[in-house]
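Q: The primary structure of each chain is shown beneath.
Number of protein chains: 2
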Amino acid sequence: MAEARITPRSQDYSQWYQDVIQHAGLAEAAEVVRGCMVIKPHGYAIWEKMQADLDRRFKATGHQNAYFPMLIPLSFLAKEAAHVQGFAMEVAVVTHSGLKAVDGKLVVKNELEEPYVVRPTSETIIGHFFAKWIDSYRDLPLLINQWANVMRWELRTRLFLRTGEFLWQEGHTAHASHEEAKEEVSRMLDVYRDFAQEIMALPVIQGVKTANERFAGAVETQCIEAMMQDGKALQAGTSHDLGQNFGKAFDVTFQNTAGVREHVWQTSWGVSTRLVGAVVMAHSDDDGLVLPPKLAPIHVVIVPIYKTDAEKAQTVEAAHRIAKELRDDGLAVKVDDRENVRPGEKYYEWERKGVPVRVELGPRDLQSQTVMIKRRIAPIEPNGKPKKETLPMKDLGVSLGKVLDEFQAFLFQRALEFRQKNTITVDSWKDFTDVFTDQGSKFVFAHWDGTTATELAIKEATKATIRCIPLAGQGPAAEPGKCIKTGAPSAQRVLFAKNY
Amino acid sequence: MAEARITPRSQDYSQWYQDVIQHAGLAEAAEVVRGCMVIKPHGYAIWEKMQADLDRRFKATGHQNAYFPMLIPLSFLAKEAAHVQGFAMEVAVVTHSGLKAVDGKLVVKNELEEPYVVRPTSETIIGHFFAKWIDSYRDLPLLINQWANVMRWELRTRLFLRTGEFLWQEGHTAHASHEEAKEEVSRMLDVYRDFAQEIMALPVIQGVKTANERFAGAVETQCIEAMMQDGKALQAGTSHDLGQNFGKAFDVTFQNTAGVREHVWQTSWGVSTRLVGAVVMAHSDDDGLVLPPKLAPIHVVIVPIYKTDAEKAQTVEAAHRIAKELRDDGLAVKVDDRENVRPGEKYYEWERKGVPVRVELGPRDLQSQTVMIKRRIAPIEPNGKPKKETLPMKDLGVSLGKVLDEFQAFLFQRALEFRQKNTITVDSWKDFTDVFTDQGSKFVFAHWDGTTATELAIKEATKATIRCIPLAGQGPAAEPGKCIKTGAPSAQRVLFAKNY
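These protein sequence lines are chains A and B, in that order.
Going by our numbering, the first residue of the first sequence is number -2, and it counts up by one from there.
Going by our numbering, the first residue of the second sequence is number -2, and it counts up by one from there.
Derived by calculation from the structure, the hints in this document are not laboratory data.
Treat the hints with care, since some could be wrong.
Since the list gives no way to pick one copy over another, a pair counts as held whenever it fits inside one copy or between any two copies.
[Said to hold, decoys possible] No farther apart than 30 Å at their CA atoms in a straight line, the calculated lysine-lysine pairs in the BS3-like style are these: (1) Lys309 with Lys56; (2) Lys460 with Lys304; (3) Lys76 with Lys97; (4) Lys102 with Lys56; (5) Lys343 with Lys56; (6) Lys304 with Lys371; (7) Lys385 with Lys97; (8) Lys76 with Lys102; (9) Lys309 with Lys385; (10) Lys245 with Lys102.
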């Protein structure tokens, strides 16, 4: 099937992103279900890799998985004032059960006594059960995680990054003290940071959200923020200190060691299929998807090269034999032995799908007991062509393992350098507005007077928002200054950017 | 927390099942969400083990995971006549988005142009996308699986076995010929059989559903049926030949090798969290949960036994050291070193949670370099007490591995013998009704005249239903006879039982 080319980033960044996803077969819009998408096999395989790694990290930090109902009684949402404010506009509501035919048309049948909302997040329904499960300090901490689908009726959607329904995990924990809850918030933010940097090859900045950007119902929201290739920020994970807000709303109490009943201190934290979008947008290029090896469903594709039938038999057989050896070494390998497809077409297809390493295997390679490999992003030779490397067939699994590790490190380093190059410190309103032109965005550390009014005025004027108040070591050294917009005093610079 | 005892099976089988689940902490009814449940960590961990093993089997048979929207346009359901008939009464319907406050009360806001149903199963929405993805015979077979939650508004619910919302996997495949689709139906039924027998230690009978019990929209439904301890049947998995029904309803066509457009042939197949209920009900006893080791979240619990502080230090340290060694051998091990809980209480608790093997570790064991173990169901000694075995500490992982394998085989064999003892062949209506008394049920192979009218009359009279028409080798040798109810001719005996 002849397909159109991928739109270059420089021409239309947004279209480029959609094209990369389409050409790689990651997902497509489910035009018949408002704002929703279908996650196709290649995209879902990336999510599965994310899930496996995150789940291991959650269990290693003492959490257990559980599953709570997808439907939440409408009245539950109303119990926490800020929470309902934040989600009221976004919920899908189940009002009926059953269908009946009326005049040949199918219509709803039984109206429910109380409607249910499809969970936009599960603090309320989980709060209800925590109240039943927690009785004493001995029941704490309670450390639960849920893998689930959630639904938020969003106005503007974009594949993976913002969809009506999405898949995620949501951690929900209850503690005997605020201090312990805050430690949990930090611990899980660190888990997200390590996952983003080690697995997604995505450098992130850890910080605290402003009151205006905080999770609805939280006392404090911490986040990790990553830079995309257009200089915009993408929030890649959040960890919320819920204080006693939900504990009070759902009367979740425990008897402390002194025999006194107190409300528990809770946290929640989550990442979603949006991370698939983040990894696509951070690393891909005009040739299509680029994946860090640790998230690649296929690490290596082997393409046999032949002219004669004899060569074909020989190279295809060798390709499968080598593939088996590499699989024994723990690599995910695909042999592309399709007939009637030219090697060049195969290369092009696997490049668009983001396979990190291609192995070319011809008759001469079999003689020399070597293979030709090409990294998805190869160093450029002096002649302007991408470098192809030759590796001995002996211990190929080990040497390809090294190549993949190098490629993983290369992507992280490239993203880090890109972010460093596009991060600036700014002290005047003019310099600030010069950055945030029509399409422009960078990471800008600038002073802010701490008020929501100023935050909104800056957004109104530039579309830039405060992504976070960086934690210590995550931005320039904290020093007082004057707000770029109002000139009022500021304790430290905060991170501004346009965002997804 | 002092808990009531588990109701014995002989006293109230249904209450016993609920008690086992409650005492083991597997799940609880979500009384605020009609017919739904919360799957608690210990129950969810069993489901995760099931998922991991099934997922491996699906991938080994060439299937890829994907994810489709949870909401289905109401009009989609109506496109396949039998399908909508089967599910119309059971769907939850989303009619609105957003909430607003009216007179201080939260009510729905925006009515949708077209309501959505929450998926009760996904043939329709997947059919829609298959039509977009399939163009030529080269796109076939298309082999997709989805892990998802689904919702069916059921009148009578029971933890795990029948709940408003449940978790499951649904395979959906499209093929170029009916023959190939039928092969897929059989292949996946065999996968379910192997999983049930090898992992769940649950012997099953493979058969074909009658027209009356067929999946709504299928040409044929195959199933595996297992016997519970009360002689009732539990349908543990189904695999459907959908023929071209959905292909025609959603216009899923392909160009065949001769260049002619044809409708695809489809299959679907699924198992759900109901399997957790099946494993509980098949193996547990009046002391609580019994789990086959291959599904046990904890294989071995180690309880240190001590009197003095010196003994405590010694045994607790040794317990953790041994646990580490066993974990290195691939076992899931819990050390119960809680203070202020007597060993007897610990034993009782881990028995109720179904841990297959307990290791008791006292000072004398350390001296003799042995450990005392007790299987969850131990052979009974001549003195009437459950046998405790002594194992050398050297190579404990290997010998415990053998014990676990034996225990897995023992559970399967016990379930098989129970089923054999409670399976009979019956040729008269009197003998038939003698089996299906008030509480009674067995597996009864009997002749049936092949009509739905007779099937329903038998159900009306006895509550027994036709669980399946057994496949070759799955029941008595096929021989003609006369229907037990009407005396009309019958080609072969079918399997009757009351069912869950």
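Q: Hint by hint, say whether it matches the structure.
A: We went through each hint and held it up to the structure:
1. In this homomeric assembly, Lys309 and Lys56 come within 30 Å of each other (Cα to Cα) only across copies, at 28 Å, whereas the closest approach inside a single copy is 48 Å.
2. In this assembly of identical chains, the alpha carbons of Lys460 and Lys304 never lie at most 30 Å apart, being 57 Å within a copy and 69 Å across copies at closest.
3. Taking CA atoms no more than 30 Å apart as the test, Lys76 paired with Lys97 passes between copies only; the shortest distance there is 14 Å, against 34 Å inside one copy.
4. For the identical chains of this complex, Lys102 and Lys56 are neighbours neither inside a copy (50 Å) nor across copies (41 Å), given an alpha-carbon limit of 30 Å.
5. Within a single copy, Lys343 and Lys56 get their C-alpha atoms only as close as 40 Å, which misses the 30 Å cut-off; across copies the closest is 23 Å, which meets it.
6. Taking the shortest Cα distances, Lys304 and Lys371 sit within 30 Å of each other inside one copy (21 Å), while across copies they are farther apart (66 Å).
7. Taking the closest pair of Cα atoms, Lys385 and Lys97 never come within 30 Å of each other, the shortest separation being 64 Å inside a single copy and 62 Å across copies.
8. Within a single copy, Lys76 and Lys102 get their C-alpha atoms only as close as 38 Å, which misses the 30 Å cut-off; across copies the closest is 12 Å, which meets it.
9. In the homo-oligomer, the alpha carbons of Lys309 and Lys385 lie at most 30 Å apart inside one protomer (22 Å), although the nearest pairing across protomers, at 63 Å, exceeds that limit.
10. Proximity of Lys245 and Lys102 under a CA criterion of 30 Å is satisfied inter-copy only: 20 Å between copies versus 47 Å inside one chain copy.
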